[in-house]
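Trainee: Sequence:
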Amino acid sequence: MNSDLIDLLWEGLLETLYMVFWSSLFALAMGIVLGVTLVVTEKGGILEAPKLHKTIGTIINSVRSLPLIILIVLLLPLSRLIVGTTLGPTAAIVSLSIGAAPFLGRIIESALKEVSAGKIEAAKSVGATPFTIIFRVLIPEAMPALVRGITIGIIGITEFTAVAGAIGAGGLGSLAIRFGYQRFREDVLIATVLIIIVLVQLIQWSGDFLVKSINKKRYKFE
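The number in this note's numbering is simply the position in the sequence shown, starting from 1, with 238 added.
For the record, the hints were derived by calculation from the structure and aren't laboratory data. Cβ coordinates follow ideal geometry from the N, Cα and C atoms, glycine included. A portion of the hints provided could be inaccurate.
[To be verified] Taking lysine-lysine pairs in the DSSO-like style, the calculated list, with each CA pair at most 27 Å apart, reads:
1. Lys454 to Lys357
2. Lys454 to Lys292
3. Lys362 to Lys281
4. Lys362 to Lys292
5. Lys455 to Lys362
6. Lys351 to Lys362
7. Lys351 to Lys454
8. Lys357 to Lys281
9. Lys357 to Lys455
10. Lys292 to Lys351
11. Lys289 to Lys357
12. Lys455 to Lys351
13. Lys289 to Lys362
14. Lys357 to Lys292
15. Lys357 to Lys450
16. Lys281 to Lys351
17. Lys292 to Lys281
18. Lys351 to Lys289
[As the list claims (entries may be wrong)] FRET-style restraints, in silico, Cβ to Cβ:
19. Lys351 to Asp446: 19 to 25 Å
20. Gly365 to Trp248: 54 to 60 Å
21. Ala404 to Ala287: 36 to 42 Å
22. Ala360 to Lys455: 19 to 25 Å
23. Lys455 to Glu352: 17 to 23 Å
Based on the sequences and whatever the hints tell you, model everything.
Mentor: Written out as structure tokens, the structure is:
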């Protein structure tokens, strides 16, 4: 493997990590808001609001129904408005964040629903506010499931960067398409695929390790 190829792979890896980090951060922030809102506003929730629940659910389902590459194209004007361009990893972060947020929102909703209703009722019985229930009961109790779900979400965003690379986002996906596929460079294609596989495995391992640490600490104090 020559030095030019190593430089290309290194640059592609850094761009991918840049996109994954910031897209995950923004998508997670939006996803938490969406997921928590869906849980607390559902029928029988601590802040029951069926109309709001239905509206948010419809928006999430609508965004999730769009193929990612179409969503990215639709969001190009927004990317230009926010970052001043539609090309490069920074522009891709806008589309990736918005595209991944509904997915993470549903994952977070599912994780929070695993919390025993009895624990929520117990918190209500001692006069806990909705804010307290969310941050002292729902989220802490669902933490292992949340971490597992967020890990899946980050892996999904990593895969999304490869799709975004097809329309000028940069990163390993763009490298695989432009230099590997279009120029018939099998060494580039194989190298980028192997790097993405290793990256996904590291993310999964980190998530599993964090879940084990949380469970170990929880059982220690129970």
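Trainee: All hints are to be evaluated individually against the structure, with a verdict given for each.
Mentor: Do the hints match the structure? See the list:
no., hint, result
1, Lys454 to Lys357, "21 Å, holds"
2, Lys454 to Lys292, "38 Å, violated"
3, Lys362 to Lys281, "16 Å, holds"
4, Lys362 to Lys292, "25 Å, holds"
5, Lys455 to Lys362, "26 Å, holds"
6, Lys351 to Lys362, "17 Å, holds"
7, Lys351 to Lys454, "22 Å, holds"
8, Lys357 to Lys281, "18 Å, holds"
9, Lys357 to Lys455, "19 Å, holds"
10, Lys292 to Lys351, "17 Å, holds"
11, Lys289 to Lys357, "26 Å, holds"
12, Lys455 to Lys351, "22 Å, holds"
13, Lys289 to Lys362, "23 Å, holds"
14, Lys357 to Lys292, "25 Å, holds"
15, Lys357 to Lys450, "23 Å, holds"
16, Lys281 to Lys351, "13 Å, holds"
17, Lys292 to Lys281, "10 Å, holds"
18, Lys351 to Lys289, "19 Å, holds"
19, Lys351 to Asp446: 19 to 25 Å, "22 Å, holds"
20, Gly365 to Trp248: 54 to 60 Å, "56 Å, holds"
21, Ala404 to Ala287: 36 to 42 Å, "40 Å, holds"
22, Ala360 to Lys455: 19 to 25 Å, "22 Å, holds"
23, Lys455 to Glu352: 17 to 23 Å, "18 Å, holds"
Checked against the numbered hints above, the structure breaks only hint 2 and satisfies the rest.
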